[in-house]
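Sequences are here, hints too, so could you generate the full structure?
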Amino acid sequence: MRIVLREVNVQYDAGLPSSTTALVGVDLAIGLGECVAVIGPTGSGKTTLLEVMAGLSRPSSGSAAIESDGERPGLKQSVGLAYQFPESQFFEETVFEDVAFGPARQGLAEPDVRRRVEEALTRAGLPAGEFGARAPLSLSAGEKRRAAIAGSLALSRPFLLLDEPTAGLDPTTAERVSELVRNELGAGNGVVVVTHDLGFVEAVASRTVVMGDGAILADRATADVMSDTDLLTRLGLEPPPRYALVDRLRRLSNPESERVAGILLGSFAADRGAA
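Numbering that gives the first Met the number 0 puts the first residue of the sequence shown at 0, with every later residue one more than the last.
There could be a bad hint or two in this list.
What the hints assert, rightly or not - If you anchor each label on the Cβ, the simulated ranges turn out as follows:
1. Arg247 <-> Asp12: 38 to 46 Å
2. Pro40 <-> Ser137: 30 to 38 Å
3. Thr232 <-> Ser205: 34 to 42 Å
4. Pro72 <-> Gly167: 29 to 37 Å
5. Ser137 <-> Gly185: 42 to 50 Å
6. Arg233 <-> Arg114: 47 to 55 Å
7. Gly167 <-> Asn253: 39 to 47 Å
8. Glu92 <-> Arg233: 46 to 54 Å
9. Glu66 <-> Ala13: 22 to 30 Å
10. Gly61 <-> Arg113: 34 to 42 Å
11. Leu136 <-> Leu55: 51 to 59 Å
12. Asp68 <-> Ser17: 14 to 22 Å
13. Glu109 <-> Gly61: 13 to 21 Å
14. Arg104 <-> Gln10: 29 to 37 Å
What the hints assert, rightly or not - Capping the alpha-carbon separation at 20 Å, the derived lysine to any residue pairs in SDA-like fashion look like this:
15. Lys75 <-> Gly42
16. Lys143 <-> Ser56
17. Lys143 <-> Gln105
18. Lys75 <-> Ser56
19. Lys143 <-> Ser87
20. Lys143 <-> Glu118
21. Lys143 <-> Ala127
22. Lys75 <-> Ala103
23. Lys143 <-> Ala166
24. Lys75 <-> Gln105
25. Lys143 <-> Thr171
26. Lys143 <-> Tyr82
27. Lys75 <-> Lys143
28. Lys75 <-> Thr171
By construction, these hints were calculated from the structure, which means they are not laboratory data. Where a beta carbon is used, it is the ideal one built from N, C-alpha and C, also for glycine.
Below, the structure is given as C-alpha cells:
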C-alpha cells in the first residue's frame, strides 16, 4: 500500500489576480513502514502537500491516491492528519471524548470505540486512566500535541501525517514524539512528517523530501540530505550540529580532516541503526 502523487499541481484562486501556485509537478510515493520527512522554507508548499495526501485539498491537475494491489481505497479512509496547532482540533470537553469522536463517526459500537480510544491514548503516551477525563486545553504543550495525534491514531488508518509535531517542545517532550513515530513504524504503518526541526528528522526519518517554491528539490536518504549543507543553507535551514561539523572538516580539504569526517559519518549511521 502506498500514497502516490503524480504530476500534482495546486493553484489557489485560479484566474484571479490573487492566484497563487502552491504545488508544481509533484511526483511522490510513500509506502508502509517508512517515515518520510518533508522540509523546506516557510511557503514552500509543505502543508499543502500534507493536505493533498490527506485528501483535504484536491489537486488542480494530476492525481493523488492510495494504491494497494491494484485497488484504490480513498485517501480520507487511509490517512490520519494531526495539524501543527492541536488547539484547533479540540472541541470536546474531555480528552477521551475528543479522541473518541472519529471512531464514533465511523459507526463503531461503543465497546469498540472505547477500545480504540484506550489503545490510541496508550500509544500516544497518555493513558486513559490518567488523562482521559482531563480537559484538552488543560494539558501541557507536549500533551496537547500527543492528544491530537491520538485522535488520528484512534481512526486506525495505515498512514499518519504530522505537521510540525515538535514545534515549541522541549527536548524531552520532543523525544517522546520521536518514540511515538518509531512505534508506529514498528507496527508497520507509514508516517509523513512536515517539520523545520532537522534534529527530529535525523532521529526518525529514513528519507527526506526537500521542498522549494512548491516543487520537490530533492528526495533522498536523510543522511544524504543532512550532509548537503549547501542546499540546506540556501533554503535557510540549519543543518544538525554534527553534520555542520562534518561540513567544516571537509572544507579544510586535507586527508586527516576527511578521515575524521568519514569516521563521524559512520558513527552517525550507526546511531541511526541503533535508533
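Legend entry - Verdict for Arg233, Arg114 (Cβ pair) under range 47 to 55 Å: holds, 49 Å
Legend entry - Satisfaction of hint between Ser87 and Lys143, Cα-Cα up to 20 Å: With a Cα-Cα distance of about 11 Å, the restraint between Lys143 and Ser87 holds, given a limit of 20 Å.
Inset, instruction - Mind checking the alpha carbons of Lys143 and Ala127 for me, to see if they're no more than 20 Å apart? - result: holds, 14 Å
Legend entry - Assessment of proposed distance window 13 to 21 Å (beta carbons of Glu109, Gly61): violated, 41 Å
Legend entry - Satisfaction of the hinted span 42 to 50 Å by the C-beta atoms belonging to Ser137 and Gly185: violated, 31 Å
Inset, instruction - With 29 to 37 Å as the target window, see if Pro72 and Gly167 comply at their CB atoms. - result: Holds - the Cβ-Cβ distance for Pro72 and Gly167, about 34 Å, lies within 29 to 37 Å.
Inset, instruction - With 34 to 42 Å as the target window, see if Thr232 and Ser205 comply at their CB atoms. - result: violated, 23 Å
Inset, instruction - Quickly compare the C-alpha distance for Lys75 and Gln105 to 20 Å and report which way the hint goes. - result: Cα-Cα ~12 Å, so holds.
Legend entry - Restraint status (C-alpha distance of Lys143 to Glu118 at most 20 Å): Roughly 17 Å separates the two Cα atoms, so the pair holds.
Inset, instruction - Below or equal to 20 Å on CA atoms is what counts here, so check Lys75 against Ser56. - result: holds, 11 Å
Inset, instruction - Confirm or reject the claim that Arg247 and Asp12 have a C-beta distance inside 38 to 46 Å. - result: Holds - the Cβ-Cβ distance for Arg247 and Asp12, about 45 Å, lies within 38 to 46 Å.
Legend entry - Lys75 paired with Thr171 [C-alpha distance capped at 20 Å]: This hinted pair is violated, its Cα atoms lying about 32 Å apart.
Consistency note: the structure conflicts with the earlier hints numbered 3, 5, 11, 12, 13, 15, 16, 17, 27, 28.
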